[in-house]
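Number of protein chains: 2
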Amino acid sequence: MRNFNPESLSLYLVTDRGLAGERDMTDIVREAVAGGVTMVQLREKTCGTREFVELARGLKQFLLPLGIPLIINDRVDVALAIGADGVHIGQSDMPYDIARRLMGEDSIIGLSVECMDDVIGANALDVDYIGVSPVFSTPTKTDTACPFGLEGLHEAVRRSVHPVVGIGGINAGNAAEVAGCGADGIAVVSAIVAASSPFEAARELVRTMSL
Amino acid sequence: MRNFNPESLSLYLVTDRGLAGERDMTDIVREAVAGGVTMVQLREKTCGTREFVELARGLKQFLLPLGIPLIINDRVDVALAIGADGVHIGQSDMPYDIARRLMGEDSIIGLSVECMDDVIGANALDVDYIGVSPVFSTPTKTDTACPFGLEGLHEAVRRSVHPVVGIGGINAGNAAEVAGCGADGIAVVSAIVAASSPFEAARELVRTMSL
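Same order as they appear, the protein sequences are chains G and Z.
Residue numbering for the first sequence follows my numbering, beginning at 548 and increasing consecutively.
Residue numbering for the second sequence follows my numbering, beginning at 548 and increasing consecutively.
Just so you know, these hints were derived from the structure itself, not from any lab.
Accuracy of the hints is not assured; some may be wrong.
One copy or two, either will do: identical chains are not told apart, so a pair holds if it fits within one copy or between any two.
As the list claims (entries may be wrong) - Calculated pairs, SDA-like style, for lysine to any residue (alpha carbon to alpha carbon, straight line, at most 25 Å): (1) Lys-607 - Ile-645; (2) Lys-607 - Asn-721; (3) Lys-592 - Asp-574; (4) Lys-607 - Ala-719; (5) Lys-607 - Gly-651; (6) Lys-607 - Arg-647; (7) Lys-607 - Ser-744; (8) Lys-592 - Gly-699.
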């Protein structure tokens, strides 16, 4: 059976190649994990499948011994190829039931929700967590619906039967407020990936949330 | 066991959304099949996974009763999702051994080869066919190596242990010459997808090759 501890959602890093610039994504993830990241989602939208698989395999090698779940964004094939812990799907990715059938009962599947209807819809699914997206407006994702805001996130937490992670525009300046909404964790992209020190950025987020 | 008849390669349609313009891809494939296409590869590089899955499912519904194999380009997850007949992978897609493991022994797996070393390399793999790419230079694919030409295709046919299909710049004007190189078939993109009548275009290609 599934072995997913929602505490893993606490500080959830989502990668973004565009924000990494010339830096190696594996190095960024390594630093971020040393700084306190508790779960990692590899998101690749532009590279070839072979490169995606190789990158994912490399991440798995050092995350597995640490007990940090590795989640693949959208690509069930890449997740199956390397035996990732799970996939994260959005509303226009693989339908949930197919993703579950292909990934198996033991895998973690997270689902992005972009409005309150999605939150309610997800209640009928056996997903392992929902990603409320975006909490704040963000330049990283420009194709999403209007932000939930802290109030919307709070309502999503109240109405969802699943663990909830907030994503979108979260940084050290607002992480405490987000955590205060009752979410199981925060997911960050630029606050860590674009930071000059992903290690310090992760540590600062951990510190802020535990205040 | 695998049930692949290399005669299916005879006139192999590879889709391209960019060349379809405003027209519906399913309509184009339907017309092309009526005109004589013997195998279809759905190639999607820009749309979301859900749309890809829905398009593939729609194509499967009408190709299956006709006994025309449906092959998915690159995306093993999409192929598994709809139970496609197989996948076609390139040199920077999913590595062959992983694709075979995920797809199973019964599925068709085709591999693009871009130079004679790739042809030789493919001889060691249990692929079902190789796609010699490109035969001629083509505006559809700009990231490939220099064209094989008719002589290179002939050599590839001679050196490969697998069925061979030529792809790249093939149209009614040169299809007969390509067929004359001993390949099991031709794969076409723009010659059918961009044609004002995909039905007539396919019919013309069949006619040309049987002369």
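How the hints compare with the structure:
For a Cα distance limit of 25 Å, the shortest separation of Lys-607 from Ile-645 qualifies both inside one copy, at 24 Å, and across copies, at 16 Å. Taking the shortest alpha-carbon separations for Lys-607 and Asn-721, neither the intra-copy value of 30 Å nor the inter-copy value of 48 Å comes in at or below 25 Å. Within a single copy, Lys-592 and Asp-574 get their C-alpha atoms as close as 19 Å, which meets the 25 Å cut-off; across copies the closest is 28 Å, which misses it. For the identical chains of this complex, Lys-607 and Ala-719 are neighbours neither inside a copy (27 Å) nor across copies (49 Å), given an alpha-carbon limit of 25 Å.
Taking identical chains as interchangeable, the C-alpha atoms of Lys-607 and Gly-651 lie at most 25 Å apart whether they share a chain (19 Å) or sit on different chains (24 Å). Proximity of Lys-607 and Arg-647 under a CA criterion of 25 Å is satisfied in both settings, with 21 Å inside one chain copy and 21 Å between copies. In the homo-oligomer, the alpha carbons of Lys-607 and Ser-744 lie at most 25 Å apart inside one protomer (22 Å), although the nearest pairing across protomers, at 49 Å, exceeds that limit. Within a single copy, Lys-592 and Gly-699 get their C-alpha atoms no closer than 28 Å, and across copies no closer than 34 Å, so neither meets the 25 Å cut-off.
Comparing the model with each numbered hint stated earlier shows that hints 2, 4, 8 do not hold.
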